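Chains as they are written, first to last, in our numbering: chain H, 1 to 429; chain D, 1 to 429.
If you are wondering where the hints come from, they were derived from the structure by calculation, not from laboratory data. These numbers come from a predicted model, not from an experiment. Incorrect hints may have been included.
[What the hints assert, rightly or not] Pairs of lysine-lysine, DSBU-like flavour, derived with a Cα cap of 35 Å:
1) D:LYS217 x H:LYS317
2) D:LYS130 x H:LYS363
3) D:LYS350 x D:LYS130
4) H:LYS394 x D:LYS363
5) H:LYS320 x D:LYS320
6) H:LYS216 x H:LYS319
7) H:LYS399 x D:LYS414
8) H:LYS424 x D:LYS350
9) H:LYS399 x D:LYS394
10) H:LYS350 x D:LYS424
11) H:LYS319 x D:LYS317
12) H:LYS185 x H:LYS216
13) D:LYS317 x H:LYS256
14) H:LYS320 x D:LYS216
15) D:LYS319 x H:LYS216
16) D:LYS18 x D:LYS350
17) H:LYS256 x H:LYS217
18) H:LYS256 x D:LYS319
19) D:LYS217 x H:LYS320
20) D:LYS394 x H:LYS363
21) H:LYS317 x H:LYS216
Number of protein chains: 2
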Amino acid sequence: MDILFRNVLILADPSTGKVQKGELAVHEGTISYVGEKAPATTYDRVIEGENNLILPGFKNAHSHSAMVFARSSSDDLPLSRWLNERIFPLEEHLREGDVYALSKVAILEYLSSGITASADMYYFPEEIAKAGDDLGFRFLIVGTPKEDGEGLDEFIALCRNYNQNPSSLCHFVPGFHAEYTANEKMLLALSKASHELNAPVWAHNSETFDEVEACKKRHHGLTPTEYMESLGLFDYGGGGYHCVYFSPHDFEIFQKHHCHFVSCPGSNSKLASGIASLTRVNELGINLALGTDGPGSNNALDMFYEMRFASVLQKIKEKKADAFDGLLALKAATIGGALALGMEDATTLKEGNKADIVMLDLKRPSMQPLNDIARNIVYSGSKDCVLLTMVNGKVLYEKGNFYVGEDMSSIYQKAQEITNRLLKESEAS
Amino acid sequence: MDILFRNVLILADPSTGKVQKGELAVHEGTISYVGEKAPATTYDRVIEGENNLILPGFKNAHSHSAMVFARSSSDDLPLSRWLNERIFPLEEHLREGDVYALSKVAILEYLSSGITASADMYYFPEEIAKAGDDLGFRFLIVGTPKEDGEGLDEFIALCRNYNQNPSSLCHFVPGFHAEYTANEKMLLALSKASHELNAPVWAHNSETFDEVEACKKRHHGLTPTEYMESLGLFDYGGGGYHCVYFSPHDFEIFQKHHCHFVSCPGSNSKLASGIASLTRVNELGINLALGTDGPGSNNALDMFYEMRFASVLQKIKEKKADAFDGLLALKAATIGGALALGMEDATTLKEGNKADIVMLDLKRPSMQPLNDIARNIVYSGSKDCVLLTMVNGKVLYEKGNFYVGEDMSSIYQKAQEITNRLLKESEAS
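With the hints as extra help, turn the sequences into a complete structure.
Here you go:
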C-alpha cells in the first residue's frame, strides 16, 4: 500500500516546533519520502492535506486500557476508597475475554486523540496484544512472571515470541505493578528475565508520598528506585510511571541507567497524588514521556490533556509562567514517548521511520490564527483537531470515523455488557 | 421556527447529574416542551438525537474574545514580560474594526465547545456586541466609562440602549479592568452608573498575590474586594474574575452582596497565578462560574478544559481526591455561569427557558461506557463530543460545521491579516 500526503504542513521533529510545507509518502508501513515533492509514482491513495498539519503520532507511555469499565464509576473518592471499594472489587470479577473486549474501546479513544501506540500493563496481557493486533494498534506490554517468581521460562518465551514475530504490532517487556505489591522472589526472577532478554524493567514508582515512606521502612531506608536498582532491575534500563516523589538520588539513578521518566499529570492531579518535577527531569537530560494512566483514574485517554497538564502544572508548581515550555510537552508526547516504548524509528517523520502519523485540522477555531502551530497544539488543541490517525501505514481513524475492521457500536456494546456485569457482580459479592 | 429534539437523553438540571430519555421542543428561541413526548404539532425541523445527550449550553463567565491575535504568540513567558513585551505592545495597534473581526474567531471556538454565551471585557465593546449579534451569539459585555469618569451619561445610555433592545442578544453592565489600572474618579462614576442602572459591577480581582499587596499599600490596608465594597460598587451585586488570593473577609463580602465568583483555572495555571479556593466558595454558597479568560493567556476557549481544571486543581490544592466533586464543575459551567451572566432563564432545560442548548455525542469513545454521563462530561469530555450548539433556538454549529451566516475561512483570513499587521506594527515601534 502506497499513500501520499499532499499539500501538508509537516512538523517532522516536534521538538523544534518547525513546520515546512511539502509532501510525505508511505510505502508498506514505512515513511518513504518527506520533503517538498514526492516521487511521481502511482499511489494507492492520495490524501489531500489542504494545508493541514502532519506530525508523528502521539505515544502514550502508560496506561491500563481495559479499565474503561471503571470510567466515571469511581470518581471523586479518596485514593484508598477508590482502590479498595471500587477498583479492586470490580477487577476481582474480570473473566477471560473481558480485557480483550474492553481494551478495544481504549484503542478507539487513543486513535481519536492521535495516539498511535501505547504502553500497557494489566491482567491478561496477551488479550491486550490480541486487541492491538486485531485493530492494528501498537502496544508495548509490560508483563510480569507469576507472583512467586515461577513460570519464568514461560514468561521469557512469551516475550521472545512476540518480540520476534514480525506480524505482531505488540512487544513485551518485563515489569511489575509496584514495590508495595511485589515480593522479592518475583523481583529477583524479573531481574533474571531482564538480564536474559537484555530488556528494560518497568514499574509504578513513587506515585504517592506514603508509598515511598512505606518502602523505606520495609527496605532499610531505600526508596522504590534505590530498591529496584539494588536488585539489578535497571541494568538494562527501564523506567518508572508517575515518579511524583523522587529524591535527588532517585533522579541520579534514572540518569545513570538511562531510565525513562513517565509522567501522568492527568491521573496524578485527579487522584491528588501531587505534581512530579518535570523541570528537574529536563535539566538532567532524562528522557521524559507522558502517560494517560488508565481510564479508571484519569479518566480521559487524551494526549492533548496530558500535554497541557504537564506544562501548566509545572508553572503552578514552580510559580513561574515560563517554567516548562509547551514545546517540551510536545516533545515528551511524541519523541519521548517513542523512546520510552522502544520505538526509536517512530520519533520523527523521516525516511525509513514508521508510518505512524497524525494529521491535525488547522481550520479548527482553536488552531487560529497560525502564530505558532506547535504551541497551538499544546495549549489549545483538543481531540476535535484530529483529522486522521495512521498506524503502520494504515488509516485507522479519519474525520470522526474508525477503520479498524470492526463496528464501533459492537465494540461499545460488548464493553457496556462487561461493565454492567462487573458492577453487578461486585455489588453482589 | 419550531424545532423538535427527538430520542435524546436530557440532562435538564446539570447540578443533579440526572438524565432522562425524552423529547425537547423549541418555539421561537424558547423551550416550549421538555418531557417524554412533545406535542404532535408540525415542526420546521426534527433533530434525530439517536440517544445522544442534550443539556443547557455552557456559559463562559469571563473572556477577552478578541485577544485571539495573541494566541500562541506570547506563551511560556513570565507574567510581567507577557504583559509588557507582548500583550500591551500588540494592543496599542488595535484599530477600529479589529475587535469585531477577531471576536468572530472566538465565537466559532465557543460554539465548537458548546458555549452559548460569554461575558466579555475589552476595547471597542460595541464591536464585540456587533460580532455577537451578527453571528447570533450572546455576550454580556462589561463596559467602562472613560478613564477620568467622564462620559458617564453616554455610558449609561449605551447600557440602556442594548439592554432594552429586544433584537440584540447582547447586554451591557458596568465594570472596569482592575483596581491596579483604575483611578478613583472613574470608580466613583462607575458606582453612580451601577446605582442608576441597578446593575452589578464586575472587575478582575485578586488575580495575583502582588496585586493584593499593592492594593493594600495604596488603600489603607484594603484588599481589592474591600476597596470596591467601600466605594459602593457591590451595592447591586457584581462579581470578580480570578479571585485567586481572597481573604476570609473578601469571601464574606462576596457572600453578603451575592456576588459571583468567576474562576479561570486554565488561565491561572498557565500564567502561574495560583489556584483559587473553589471548595471555600462552595462551602459558603457563593455562586461559582467558570471563565476561559482570553486566548492570549489560556489559550483554549474550551469549557471542557475549564471544568476538568476546576475540579482537579482543587484536588491538588487540598491534597484530597474527593475535594470538589466533578458535578460542581458542571454546575458552575452551566447554571453558575448563567446566573453570573444575568441569564436566570438559561440555567436549566425547562419550559419557558432560553433555547440555548448543546448536544453531546455519547458515541465518542471517551463517553463510553455510560456509567455516569455527567461525570464523563467533566472528566473525559472534549470538544470532539459536541455534536450541535443551539443559541436562541438557532443551530449555529453542527457536526463540525458552523452556520453563522458567514464563511469560516473568511473569518479566519481577516483575523490572520489583523494578527500579522499587529505583530508587524508592534515590532516596528
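Status of each hint after checking the structure:
no. : hint                : verdict
1   : D:LYS217 x H:LYS317 : holds (28 Å)
2   : D:LYS130 x H:LYS363 : holds (24 Å)
3   : D:LYS350 x D:LYS130 : holds (29 Å)
4   : H:LYS394 x D:LYS363 : holds (23 Å)
5   : H:LYS320 x D:LYS320 : holds (24 Å)
6   : H:LYS216 x H:LYS319 : holds (30 Å)
7   : H:LYS399 x D:LYS414 : holds (26 Å)
8   : H:LYS424 x D:LYS350 : holds (34 Å)
9   : H:LYS399 x D:LYS394 : holds (25 Å)
10  : H:LYS350 x D:LYS424 : holds (34 Å)
11  : H:LYS319 x D:LYS317 : holds (14 Å)
12  : H:LYS185 x H:LYS216 : holds (18 Å)
13  : D:LYS317 x H:LYS256 : holds (33 Å)
14  : H:LYS320 x D:LYS216 : holds (24 Å)
15  : D:LYS319 x H:LYS216 : holds (22 Å)
16  : D:LYS18 x D:LYS350  : holds (14 Å)
17  : H:LYS256 x H:LYS217 : holds (25 Å)
18  : H:LYS256 x D:LYS319 : holds (32 Å)
19  : D:LYS217 x H:LYS320 : holds (24 Å)
20  : D:LYS394 x H:LYS363 : holds (23 Å)
21  : H:LYS317 x H:LYS216 : holds (26 Å)
Hint compliance for this structure: no hint is broken.
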